[in-house]
Amino acid sequence: MRIYNFQTTDYFLQSMTIHDLFAKYFSKLDRLDLELISAHIIKKSREFVLAHPEYEIPKLKIVNCKLKIARRMNNEPLAYILGHKEFYRLDFKVNKHTLIPRPETELLVELAMQEVKSMKKVASVVDVGTGSGNIIISLAKNLQNKKIKYFGVDISKKALQVAKYNAKKNKVNKKINFLHGDLLNNKKLFNKKTKKQFNNLTIIANLPYLSKKNYGETLPNVKNYEPKSALYSSKNGLWHYEKLLQQIKNLHASYSPALPAGRLFHTSCFLEFSPEQKNNLKVLIKKILPSAQIEFKKDLAKKWRVCTIKLS
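Residues in the sequence shown are numbered from 475 upward in steps of one, following our numbering.
Note that these hints are calculated values from the structure, not bench results. Please read all numbers here as calculations on a predicted model, not as lab measurements. For glycine and all other residues, C-beta sits at the position ideal for the given N, C-alpha and C. There are no misleading hints in this set.
Using C-beta positions, here's what the derived DEER-type ranges look like:
| hint | residue 1 | residue 2 | range |
| --- | --- | --- | --- |
| 1 | T692 | H740 | 31 to 41 Å |
| 2 | E560 | K686 | 28 to 38 Å |
| 3 | K535 | K702 | 30 to 40 Å |
| 4 | K594 | F770 | 25 to 35 Å |
| 5 | S592 | D494 | 53 to 63 Å |
| 6 | P532 | P577 | 27 to 37 Å |
| 7 | K648 | P532 | 31 to 41 Å |
| 8 | K686 | D656 | 19 to 29 Å |
Within a straight-line C-alpha distance of at most 27 Å, the following computed DSS-like cross-link-like pairs (lysine-lysine) qualify:
| hint | residue 1 | residue 2 |
| --- | --- | --- |
| 9 | K709 | K777 |
| 10 | K752 | K771 |
| 11 | K567 | K642 |
| 12 | K623 | K591 |
| 13 | K784 | K615 |
| 14 | K542 | K570 |
Given the sequences, and given the hints that come with them, work out the whole structure.
Laid out in structure tokens, this is it:
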């Protein structure tokens, strides 16, 4: 991999306008990347950058701008360089400990939102593998219902720190409980007390699902920078989902008898997966949860992307 850097002489800089910067790097970097990096450095909007090519960039900021351009030329994701990423019309902090939110994941939010809106009784929503918190925060921000209990669970404590920051940034920190745990394995999430508190559970999971082959074929900007633990899963990319499905099975076996007579424990699950995994995922679900109702949904690119599971 070619590494771009700057010599110490770059620190003794001449003045530079936005036009000068673009002229120097236009052939080396995508124009949109240049626009966004420039706007980030001078703390102005992208529209300002486009409208004012004559704007003179402060010398100290030129250094920072060149360093960020070098990082981008080394294939580092722009979201990590800028430190944030937009998702579902909200802004989220991201760093090397969190997966960068993808547009296709917004389908998970849409489907889960439709499900929760249809519930008349108290509901609990659990985002498994919450990462930056983009999914659960988007739901909490858009569902103005005090009867909903929100949980975000992650095995990475550093990812949870980012999720908590994002919840506060988007003003939903008082609505979401972030918990450290391995998928659904957390005593604060499911215990004797919670068994009697609700009977409608929505589980959302965007777990690692890249197979060894798919992970090996990912682009450098993904493989060299985003956490492998948030991308790769063994057993053809389905190891994490197999573990989650088994936990859901055990949860149902534990919860259903604890409810008063006549009440059923309803669970809806929304899982994101890779299109080629559709058939194998269906077989796996039927093996672990034979009574489950299964449906598959396509994303905007017309690719199979989300599996919905319903249990009663």
